[in-house]
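Listed below are the residues making up each chain.
There are 2 protein chains.
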Amino acid sequence: MGINLSNFLTSQSKNRKMGEFQDLDHLDGISISTVSANLYNTNRDDLVMFYFREGANFASVYTQSKIISENIKWNLNQKTKKIFSLLVNTRNANSFTGDQGYQSLQILAEEISNELTKKQKEDEEYPEKIKTKNIIFGCTGTIGEKFPVEKIKSKIPELIKNIRYTQNKYIWMKAALGIMTTDTQPKMAMEHCTIGTTQIKIYGIAKGSGMIYPNMATTLGYIFTDADISNDVLNKLLKKNVESTFNAISCDGDTSTNDMITIFSTGKAKNKTIVNISDKKLKYFNEALKNVMLNLAKRVVSDGEGASKFITIKIFKSKTEQEAKQIAFSIANSSLVKTAIAGEDPNWGRIIMALGKSGAEINLKKMSIKFGDIYIIKNGKLSNQYNEKETAQYMKNINIEMNINVASGNKNFTAYTMDFTKKYVEINSDYRS
Amino acid sequence: MGINLSNFLTSQSKNRKMGEFQDLDHLDGISISTVSANLYNTNRDDLVMFYFREGANFASVYTQSKIISENIKWNLNQKTKKIFSLLVNTRNANSFTGDQGYQSLQILAEEISNELTKKQKEDEEYPEKIKTKNIIFGCTGTIGEKFPVEKIKSKIPELIKNIRYTQNKYIWMKAALGIMTTDTQPKMAMEHCTIGTTQIKIYGIAKGSGMIYPNMATTLGYIFTDADISNDVLNKLLKKNVESTFNAISCDGDTSTNDMITIFSTGKAKNKTIVNISDKKLKYFNEALKNVMLNLAKRVVSDGEGASKFITIKIFKSKTEQEAKQIAFSIANSSLVKTAIAGEDPNWGRIIMALGKSGAEINLKKMSIKFGDIYIIKNGKLSNQYNEKETAQYMKNINIEMNINVASGNKNFTAYTMDFTKKYVEINSDYRS
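Residue numbers (the working numbering), protein chains in the order written: chain A, 13 to 445; chain B, 13 to 445.
Just so you know, not all the hints are guaranteed correct.
The list makes no distinction among identical chains, and a pair is therefore deemed to hold if it is satisfied within one copy or across any two copies.
Said to hold, decoys possible - With a straight-line cut-off of 30 Å between C-alpha atoms, the simulated DSSO-like cross-links for lysine-lysine are:
| hint | residue 1 | residue 2 |
| --- | --- | --- |
| 1 | Lys329 | Lys78 |
| 2 | Lys186 | Lys163 |
| 3 | Lys435 | Lys408 |
| 4 | Lys434 | Lys326 |
| 5 | Lys181 | Lys94 |
| 6 | Lys85 | Lys393 |
| 7 | Lys408 | Lys434 |
| 8 | Lys158 | Lys329 |
| 9 | Lys145 | Lys165 |
| 10 | Lys401 | Lys435 |
| 11 | Lys378 | Lys158 |
| 12 | Lys423 | Lys293 |
| 13 | Lys85 | Lys382 |
| 14 | Lys408 | Lys158 |
| 15 | Lys78 | Lys377 |
| 16 | Lys163 | Lys390 |
| 17 | Lys186 | Lys131 |
| 18 | Lys390 | Lys326 |
| 19 | Lys130 | Lys93 |
| 20 | Lys434 | Lys401 |
| 21 | Lys331 | Lys302 |
| 22 | Lys85 | Lys329 |
| 23 | Lys248 | Lys284 |
| 24 | Lys401 | Lys390 |
| 25 | Lys181 | Lys133 |
| 26 | Lys423 | Lys390 |
| 27 | Lys133 | Lys173 |
| 28 | Lys145 | Lys252 |
It should be emphasised that the hints constitute simulated quantities derived from the structure, not laboratory data.
With the hints as extra help, turn the sequences into a complete structure.
So this is what it looks like as C-alpha cells:
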C-alpha cells in the first residue's frame, strides 16, 4: 500500500529532483541514534533519540483532543528555553496510563539527563549540566497499556553510546523507520533556503496513519533546522504553517491523543539570530518550512490505511477561511465521497450532499465544481460540457483534484485526503491479537 | 443484509408481540394507493399516494442541509392548514434540478388537486375544492437528474382510481415497499394509546440508508394518527420527539438534501381537539409517538448498508444535553470505532480517542465505560474486573450497548448506529451504471 508521491510533491529548490525519498544528510548540532528495546518482540528499532549537543531552540503544537497522553502532559509541563534531547518510542502510546505513565517519563528523563551530562563531561567540549526539563518525549502505539519503562530505561546507555556527531542519509532513514508503527513507508522531507546570505537546511521526518496495532493514527512530525531562530519566532512560524499542512490533512476524521509536531533549531548555521516574526529575512525560510511540512503531511495521507488515491480538495471564494475549511473537511471526511472515489465513480451528487451538510454559505446560482480541469457544475447548473465518460476516465488517476468555487467571498482552503477502500475496513476490523 | 430487530424494539402496548413487522390496518381518514411509473425500469411500485379525504392536520421537520431538494422547497412554500395528499416518488431526488424540478411539482400538484376534486364530487360525500397548496411531496433517489414529470403525471389518474376507503396490512406493506430505494426491508411501526377515554392509533412508515443508486441515505418518515390534534401541537410534539429518535441515529454521518419527517392527524378518532401542548391528556400519546418514531429510526439504522451490528451508545452525566450528544456522535461516527465493532474487537482505546476528540467536558478521574454490563473503565482507570476474553465474547452479540458515564453533569443522550463493514465500502464504491 502507499501511493507514489513523486509526481505531485512540490519543492522550491528548483534543481533538485523530487523522488519517493529525499536524502537527508548532515545537519549541524543534531545527533540521532536508534535501538531496539524489543517492544514489538521483533527486534525492530523502536526507540529513536535526537540529541542536540549545544541545546536547541524549539516550539511544538499538540493534539486538540480533550484526552491527552502522559508524554504530551510532560512536554507541556517543562519550562525551559533549550531542549537537549527528544526520545521517541513506538508500540505504547503512554495514553490513559495515569501516574505510572507520567512517573515513567520522570524516571527516563533522569536517566537521559544523567547519562548525557556524563557524556558531555567525557567529550570535554560541552560541559553543560543537562536537566530533566531539557528532555521531551514522543510516544505512539496502543492506548491504555502499562508503559514499558524498564525495557526502555535499560536501552538508554546503548542509545547514548551510539551517538555520532556526523549524520548521514542512513541514520535519518533509520530514525524515520524507527518512529513508525504500522506505516508502510518512512516519511522524510527537506528544503534548502537562505536567511540573509546564510545557507540554511530544514529537515523533517514524520509518521502517521498506520493503525493496525496502535489504536489510532497518531501523527508525529519533527522538523530540524540549523538556523538560529528564537523560540517565540519558531512558535509563530509553526502555528502559522501547521494550518495549511498537518491541519489540512484527514485520513478518517479521527484525532489521536498523542499528536505532536515539534521544530528544533540548532543555530549552528550562524545566521544573525532571528527574534522577530516580521523579519523580512524569514521570507524564504517560511516558504521552505511550509514545503517541508506540506510534503510530510502529504506523505502521511498517501500512506493512509488502504489508500489507493490521493485526493486534493481546493475550496475557492468562501466567505471566511473557517467556512472554506469546514466545506473542505465535510467533503474530505465523507465516507460516501471517499468510497465513490475508491470506486472511480464521478458521483458528484455526493459532493453536493457534503457541501450542503457543511453548513457553510454557498451561492447556489454561481457555484462551480471541477474534477481536475473538467467542469461538472458551472453557475450552479450541470455544465453543458459535462461528459460522464470523460470524467470517469479522469477518476482512474491516482491523484484526484477537486476544485470547488462556492462564490460567496474571497477565502480559500485546500485539504488533502485519501479514498476509502475495503482494505481500510479490513485493516481496522482485524482483531488486535 | 439487515439486522433482526425483534429482540430490542420497545413497545408500550404491553401485550402485543413485537415481531420483525408490525401489522398496520385501517386508520380512519387515510387512503393509500401505489403504482409503478416504471422509474426503475423494473415495474416495481415507485409512486405512493396518501390521500386524506377530509384533510389532515400536519407538521414536518426537514433536512438541515444548506442545499435542499425542490420538493422540500415546495413543501415549505405551501401555506395551508390542511393537507389532502402526500405523493412520494423514488428513483429521483428532485435535488439540484432547478426550475425544471420545481415547476414539475407545480404541474403534478395541479393534476392531483384537479383529479382529487373530481373524485370528491363523484363520491358526493366530501365536496371540498382541493387546491395545489393542499398537496405535498416526498422525493428520494439520485441527485441532479432531470425530474421525470411526464412519467409520474401520466400515472396520477391510476393512483386515484386505486384509492379505497378501507386500509389493510397489505396496502401499508405496499406503501412501505413503494417508498424504498435500496433499503433491503420495509420499515413500519405502530402504537395504540388513549387521549382521555378515546382509543387512538399511531402508524408510521419510513425509509432510509440504502444508497447504491441514490446518492445518499435520504430518510423519509411518515406518521399517521386518527387523533384530533392542532397543527401547532403536532409541530411541537414532532420537534420534541425527533431529537431522541430520528436525530439520534447515524449510519455514516452524511446528511441528505431530502430528509423529511411528517406527521398527519385525521381527527377521525373524535377526541376533543387538542390545542395545547401542555394538555395532560397528551401524556400517553406523546409516549406512543416517541415509540413509533424510535422504532422507525432503529429500523433505518438496522438496515444500514452493510450493517452486521446494531449499536446503542448511551452517554450519562454530561454537562449539557448538547455535549452528551456531541460525545455520542463522536463515537457513533468514528470509522475506527465502527470498524473495531465490525471485527468484534473490544478496542476500548478507540472509545477513549472518540471521547477526547468530541471536545466535551469529561471528568477523567471519575468517568466510566461499560460494554453491556461489563466495566472496562471505572473511576478513570482500567477496571480491576476487566477481562478481555469475557469482553470479546460480549462483542459477538448483534446488539452492542456502550454505557459511558462522563461524570461532569447530569444530562444524558442515547445515539444509535451500526458497524462499518467491507460490505459498506463494496456497496458505496460500486460504480452506479
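The hints, checked one at a time:
In the homo-oligomer, the alpha carbons of Lys329 and Lys78 lie at most 30 Å apart only across protomers (17 Å), although the nearest pairing inside one protomer, at 32 Å, exceeds that limit. When the C-alpha separation of Lys186 and Lys163 is checked against a cutoff of 30 Å, the pair qualifies only within one copy, where the shortest distance is 20 Å, while the shortest distance between copies is 66 Å. With identical chains, the CA atoms of Lys435 and Lys408 are at most 30 Å apart both within one copy (18 Å) and between copies (22 Å). Taking the closest pair of Cα atoms, Lys434 and Lys326 come within 30 Å of each other both inside a single copy (26 Å) and across two copies (29 Å).
Taking the closest pair of Cα atoms, Lys181 and Lys94 come within 30 Å of each other only inside a single copy of the chain (26 Å); across copies the shortest separation is 77 Å, beyond that limit. In the homo-oligomer, the alpha carbons of Lys85 and Lys393 lie at most 30 Å apart only across protomers (17 Å), although the nearest pairing inside one protomer, at 51 Å, exceeds that limit. In the homo-oligomer, the alpha carbons of Lys408 and Lys434 lie at most 30 Å apart both inside one protomer (17 Å) and across protomers (21 Å), since each shortest distance falls under that limit. With identical chains, the CA atoms of Lys158 and Lys329 are at most 30 Å apart between copies only, with a shortest distance of 28 Å across copies and 49 Å within one.
Proximity of Lys145 and Lys165 under a CA criterion of 30 Å is satisfied intra-copy only: 17 Å inside one chain copy versus 77 Å between copies. In this assembly of identical chains, the alpha carbons of Lys401 and Lys435 lie at most 30 Å apart whether taken from the same copy (27 Å) or from different copies (26 Å). Within a single copy, Lys378 and Lys158 get their C-alpha atoms only as close as 56 Å, which misses the 30 Å cut-off; across copies the closest is 20 Å, which meets it. In this assembly of identical chains, Lys423 and Lys293 lie within 30 Å of each other by CA distance solely inside one copy; the values are 27 Å within and 54 Å between copies.
Taking the shortest alpha-carbon separations for Lys85 and Lys382, only the inter-copy value of 27 Å comes in at or below 30 Å, while the best intra-copy value is 44 Å. Taking CA atoms no more than 30 Å apart as the test, Lys408 paired with Lys158 passes between copies only; the shortest distance there is 27 Å, against 46 Å inside one copy. For a Cα distance limit of 30 Å, the shortest separation of Lys78 from Lys377 across copies, 13 Å, qualifies, whereas the shortest one inside one copy, 40 Å, does not. Taking the shortest alpha-carbon separations for Lys163 and Lys390, only the inter-copy value of 28 Å comes in at or below 30 Å, while the best intra-copy value is 61 Å.
Taking identical chains as interchangeable, the C-alpha atoms of Lys186 and Lys131 lie at most 30 Å apart only when both belong to the same chain, with a minimum of 23 Å there against 82 Å between chains. Only within a single protomer do Lys390 and Lys326 lie at most 30 Å apart by alpha-carbon distance; the minimum there is 16 Å, versus 45 Å between protomers. Proximity of Lys130 and Lys93 under a CA criterion of 30 Å is satisfied intra-copy only: 21 Å inside one chain copy versus 86 Å between copies. Proximity of Lys434 to Lys401 under the C-alpha cut-off of 30 Å is found in both arrangements, the shortest distances being 25 Å within a copy and 27 Å between copies.
Taking the shortest alpha-carbon separations for Lys331 and Lys302, only the intra-copy value of 24 Å comes in at or below 30 Å, while the best inter-copy value is 40 Å. When the C-alpha separation of Lys85 and Lys329 is checked against a cutoff of 30 Å, the pair qualifies only between copies, where the shortest distance is 26 Å, while the shortest distance within a copy is 39 Å. Only within a single protomer do Lys248 and Lys284 lie at most 30 Å apart by alpha-carbon distance; the minimum there is 18 Å, versus 69 Å between protomers. Taking the closest pair of Cα atoms, Lys401 and Lys390 come within 30 Å of each other only inside a single copy of the chain (18 Å); across copies the shortest separation is 57 Å, beyond that limit.
With identical chains, the CA atoms of Lys181 and Lys133 are at most 30 Å apart within one copy only, with a shortest distance of 28 Å there and 90 Å across copies. Proximity of Lys423 and Lys390 under a CA criterion of 30 Å is satisfied intra-copy only: 19 Å inside one chain copy versus 47 Å between copies. Proximity of Lys133 and Lys173 under a CA criterion of 30 Å is satisfied intra-copy only: 14 Å inside one chain copy versus 99 Å between copies. For the identical chains of this complex, Lys145 and Lys252 are intra-copy neighbours only, at 26 Å inside a copy versus 54 Å across copies, given an alpha-carbon limit of 30 Å.
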